[in-house]
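Q: As a plain string of letters, each chain reads:
Number of protein chains: 2
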Amino acid sequence: MLERRKPIPIGDAVKKMMEYQLDGKTEYVSIDESYGRFLSEDLVATSDVPHFDRAPYDGFAVRSIDTKEASLNNPVEFKVVDHLGAGLTSSKIIKDYEAVRIMTGAMMPEGTDAVVMFEVAKAYEKNGTPYMSIKRSFKKGDNVSYRGEDAKKGEVLVKKGTLINPGIQAMLATFGYNSVPVAKKPIIGLFATGTELLEVDEELVPGKIRNSNSHMIAAQIQRTGAIVQYYGKLPDVFETCFTAVKTALEKVDILITTGGVSVGDFDYLPAIYEKLGAEVLFNKVAMRPGSVTTIAQLQGKLLFGLSGNPSACYVGFELFARPIIRKMLFSTTPHLRKEKAILEVDFPKANPFTRFVRSAFSIKEGKLSVTPSGLDKSNIIMSLSGANSLMILPGGTRSFKAGDEVEILLLEDQAGSVWPW
Amino acid sequence: MLERRKPIPIGDAVKKMMEYQLDGKTEYVSIDESYGRFLSEDLVATSDVPHFDRAPYDGFAVRSIDTKEASLNNPVEFKVVDHLGAGLTSSKIIKDYEAVRIMTGAMMPEGTDAVVMFEVAKAYEKNGTPYMSIKRSFKKGDNVSYRGEDAKKGEVLVKKGTLINPGIQAMLATFGYNSVPVAKKPIIGLFATGTELLEVDEELVPGKIRNSNSHMIAAQIQRTGAIVQYYGKLPDVFETCFTAVKTALEKVDILITTGGVSVGDFDYLPAIYEKLGAEVLFNKVAMRPGSVTTIAQLQGKLLFGLSGNPSACYVGFELFARPIIRKMLFSTTPHLRKEKAILEVDFPKANPFTRFVRSAFSIKEGKLSVTPSGLDKSNIIMSLSGANSLMILPGGTRSFKAGDEVEILLLEDQAGSVWPW
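Chains as they are written, first to last, in the UniProt record's numbering: chain A, 1 to 421; chain B, 1 to 421.
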């Protein structure tokens, strides 16, 4: 009577799913709106940086040849013939023993090839005309930032798929990217199923609970970099669910449902996939929590059937939906970043299947350590709030002890990993 | 002729500034807009979780007393008198040797105190009436999630000042926080000064560069959790700058300027502070880059005068503006998070002043390692794009070698640190 599903290893499940990854699309946004988006094209230097030779310090621009004989016993005097702030240019061509008073960032006047910092020059006036003298020599290029020193025109400076951070924002401005090519945010449709669900603003009644999964997944979708299109909650009624899913699927890039995917008496998603004509890629994964995670595809579009159990739902999203979304954001490392950490406490349970334990990792003396962030019953949402990682305990292993090395997946990290981990 | 400023240690500078920290304010936002905001009040459990005894698995709810005699040789039979999906309640009071078919999440029917999972029950029909039998006994509470097991009403579950992540989002929904108290985002005014600055969409001309600092700082402000109010760029003309700064200051929580703060001939900020009647807390910090970082206060409002040099500007923002903003977001750890890491390459320069080197840290075999993210000339914006940390090389130290342990500040981390580090 009970449907028997054959669990497949998580690696196989991910691989099977990634065959249906979708390409990202580009849209152009104003540079004022590009922070936190993902570059959809390489960032290329559109000019040299700096694009002219310039003074990196306040001082006097001189011809180094004129300083050759300067020494402690032989100060050399220069007539100061111009005064340049940043952004200004000198119309003068500098001749023998002439200098220009120059500010940081200003363009080197024609003829000059070194900057004497204020600290090593003595400035004075003679009959209202400014002069300065120095007691040491300078070489060509001393204290000059040369054109192209930082970047050469045409260089690829940042690869597409990179998250735009404040430093990249500065580069976009430097190179005149007033309009920035970024990955269009995928639109992820979301339904919650379950007769037991109340809205957030409804009073609790016996047997019913407020719909928390939709709000959690909506935040996970945003964290990943996509847009959530929430279609509401559905009762456990087949026809209602079928029509809603079919209609929504046409309007989104990916459709996520929570609940209704197991083998319970009111779990209608399997029948909905069948009636839609969708191909179920798998409906049971050898992992805990989230073993009932089901992924189907219809005409190349993915349907994610996540568990109604909060922890299983959370884990299912991060392992499966995240990489598909990140691929659409041009990431080459779309999976959760995997690292090693030292377990801080005993974990006495055996792991017949690969287990993903919601955990809090911290850094102690430069080393990662990790501890489960709450009781590990899969219906406990509390442990999700403090979780910044998922500890991976491989299937077939026995209990773990404090001090053991384990692998963890970082939830708040943007760098990501390739697959297989 | 050259103004002499006395540098103060960075610790003293931060301490002096933090005396002017401002309190945060609360605003209420819809739960749909609360992801990524900072809680301005503790998140309190408004009910027990679960708020009724419930089945954590699909199975049969029974009275454990009726299972007492069940064994391999003595199967005990139950009449299945009801069928409960999640969200439904039974009107029946369960009597001797009666059972209710129950789905995960459904409320335990009155009289029952254990759940027999499908896998260990044999279900069948007799004359159209459903029955099931078991061959083992169950104790009171077996496979039951009890009311209050996860959280008790009134418990503080998340402290104010915490960034709302997907797990907290789920908790907010569970406890009916349809409207969420979050820290109002501070409004940070921003000016760039410098005659050399072009807008992003302007063509390059000799001597001028595009204004990259404003876009960089705008992104840093957003990363910190505040709103930027950009007032444009100002030429190096005293009266224009003075009027603009005075007017803007009235409309924002904090005012940041970039450039014009050094001792160059066209650096007008010091004179502007004086004319405004603002008290300069310090105008020189014993650090590189960013030594000219100047902070002034006027009637309790802070003015940040950051260097026009991109790297100095970046570092100055993170060390000084960030903690002030994070305090307004109710953070108890408002400073950049400090950790230890192993230096991967030699750093041959001596450090007369504490140096903050833009760096990329990575994790190798569970240990943090760090490498400068570019050449360390302070006018190189390129190195900012790959930077996820600032390496701290304390003043008075000589060169560092690969393998040395150093301290780093994490730029993309949300946890933060207290001060002193």
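Some hints here could point you the wrong way.
You can't tell identical chains apart in this list, so a pair holds if it fits in one copy or across any two.
[What the hints assert, rightly or not] DSS-like, lysine-lysine: derived pairs with alpha carbons at most 30 Å apart:
hint: 1; residue 1: K275; residue 2: K251
hint: 2; residue 1: K301; residue 2: K152
hint: 3; residue 1: K338; residue 2: K367
hint: 4; residue 1: K92; residue 2: K140
hint: 5; residue 1: K6; residue 2: K135
Please keep in mind that the hints were generated in silico from the structure rather than gathered at the bench.
Q: At most 30 Å between C-alpha atoms: does K338 with K367 qualify within a copy, between copies, both, or neither?
A: So K338 and K367 pass the 30 Å test inside a copy (15 Å) and across (13 Å) alike.
Q: Could you figure out if K92 and K140 sit no more than 30 Å apart (CA to CA) within one copy, between two copies, both or neither?
A: within (19 Å within a copy, 97 Å between copies)
Q: Between copies, within a copy, both or neither: which fits K301 and K152 at Cα up to 30 Å?
A: neither (42 Å within a copy, 42 Å between copies)
Q: First find the shortest C-alpha distance between K275 and K251 inside one copy, then the shortest across copies, and answer within, between, both or neither for a cut-off of 30 Å.
A: within (19 Å within a copy, 59 Å between copies)
Q: As a check of your reading, is K6 near K135 (CA-CA no more than 30 Å) within one copy, between copies, both or neither?
A: Between copies only: 26 Å across chains, 85 Å inside a chain, cut-off 30 Å.
Hint compliance for this structure: hint 2 alone is broken.
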